[in-house]
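Asks: Sequence:
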Amino acid sequence: MSDWAGLVWLVVLLLGNAFFVGAEFAVISARRSQIEPLAEKGSRPAKTALFAMEHATLMLATSQLGITICSLLILNVSEPAIHHLLAVPMEALGWTAAVVDVTAFVITLVLVSFLHVVFGEMVPKNLAFSLPDRAVLLLATPLVWVSKLFMPVIWFLNAAANGVLRLFRVEPKNEAASTFTLDEVATIVDQSRREGVLTDNAGTVAAVVEFTDKKARDVAVALGDLVTLPQHTTPDEIERAVARYGFSRYVIVDDEGQPAGYVHLKDVLRAAEGPDAAERATVPVPAKRIHHMVPVQEDTDLEDALTAMRRAGRHLARVRDRNGETTAVLFLEDIIEELVGEVQDATRRGHGR
Numbered sequence: 001m002s003d004w005a006g007l008v009w010l011v012v013l014l015l016g017n018a019f020f021v022g023a024e025f026a027v028i029s030a031r032r033s034q035i036e037p038l039a040e041k042g043s044r045p046a047k048t049a050l051f052a053m054e055h056a057t058l059m060l061a062t063s064q065l066g067i068t069i070c071s072l073l074i075l076n077v078s079e080p081a082i083h084h085l086l087a088v089p090m091e092a093l094g095w096t097a098a099v100v101d102v103t104a105f106v107i108t109l110v111l112v113s114f115l116h117v118v119f120g121e122m123v124p125k126n127l128a129f130s131l132p133d134r135a136v137l138l139l140a141t142p143l144v145w146v147s148k149l150f151m152p153v154i155w156f157l158n159a160a161a162n163g164v165l166r167l168f169r170v171e172p173k174n175e176a177a178s179t180f181t182l183d184e185v186a187t188i189v190d191q192s193r194r195e196g197v198l199t200d201n202a203g204t205v206a207a208v209v210e211f212t213d214k215k216a217r218d219v220a221v222a223l224g225d226l227v228t229l230p231q232h233t234t235p236d237e238i239e240r241a242v243a244r245y246g247f248s249r250y251v252i253v254d255d256e257g258q259p260a261g262y263v264h265l266k267d268v269l270r271a272a273e274g275p276d277a278a279e280r281a282t283v284p285v286p287a288k289r290i291h292h293m294v295p296v297q298e299d300t301d302l303e304d305a306l307t308a309m310r311r312a313g314r315h316l317a318r319v320r321d322r323n324g325e326t327t328a329v330l331f332l333e334d335i336i337e338e339l340v341g342e343v344q345d346a347t348r349r350g351h352g353r
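For the sequence shown, the UniProt record's numbering begins at 1 and goes up steadily by one.
For the record, the hints were derived by calculation from the structure and aren't laboratory data. This structure is a prediction, so every number in the text was calculated from the model and none was measured. Among the clues, some could well be false.
[Said to hold, decoys possible] Computed cross-link-like contacts, BS3-like style, restricted to lysine-lysine with a CA-CA straight-line distance of at most 30 Å:
| # | residue 1 | residue 2 |
| --- | --- | --- |
| 1 | 148 | 173 |
| 2 | 173 | 41 |
| 3 | 173 | 125 |
| 4 | 288 | 266 |
Let's have the full structure, built from the sequences with the hints guiding it.
Replies: Structure, rendered in structure tokens:
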């Protein structure tokens, strides 16, 4: 191999080493929350990046194999070429062969180590840390292809590493941790507020953090505290209830006092419209006008209860205990208030049901 060919291979191997280092740190540093929306829109690089993040240990094994091979070859390929290029001028100075060999070797070692550490390690590592999402979209696809090409070797290396971990009673993980825990988010919010980076005068951000930790029973209204109407209530009676209490939704109870559903003022008013409105106003509200309530357990996470209510298109949920008994009613308005503060009913001022 000629001296100049050796220098070309030095550049190629440095680039290869930089690629594996950058890909390794990009897979670990990237956040799923930034990649998933792109994958949902059909981005193939994003889908491949998610695959790499979900198989992080295999990707790390691939990167380490590539880094090791490139690192071993760099000095072996570059040392003869650089050594020979340095030896010619040194010999012209009249240095002995032993001095030339030692001096050329030391200079080569220092130069190659500098290039390897700076351009093969630190630069790609810092780039991957600074731009993890862009880096993983760019580097994940070739890394996955390399992992498939050398799958038997990589699988063996990964299995060996996992086996060593299990000897020390450590359970290996395949996916990189790309989310923050609730406590970590709370710490970030608190520190950001103290440093003046985040302004949360209304307490909305803090409320969102606390919201995730609450259960349905923490927000639901006990049956004894509800303003209820009988099952055979009429539009006239509902209008009088609105005039007295000012609420737009009312829980309808059966003869045993158990919630049977709920009515909304606008639905009742629609039912009483028409030429015979006066007569209809004194007739019990039709069963089809009474909305059923979504059933949730007392220990259901508040965010899960919200999801169930949104999916069913209902504003109220029936909260049950472990025995299946209804103990309270959960209002969508109250869930929203946990996030944004007090929400006033459209038909009255102040908090209401």
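Asks: Check whether the Cα positions of residue 173 and residue 41 lie no farther apart than 30 Å.
Replies: At roughly 28 Å apart (the allowed maximum being 30 Å), residue 41 and residue 173 satisfy the hint.
Asks: Are the Cα atoms of residue 148 and residue 173 separated by 30 Å or less?
Replies: holds (20 Å)
Asks: Hey, residue 173 versus residue 125, does the alpha-carbon distance stay inside 30 Å?
Replies: Given that 30 Å is the threshold and the Cα spacing comes to 22 Å, the pair holds.
Asks: Does the structure keep residue 288 and residue 266 at a Cα separation of 30 Å or less?
Replies: holds (14 Å)
When the structure is compared with the earlier hints, no violation turns up for any of them.
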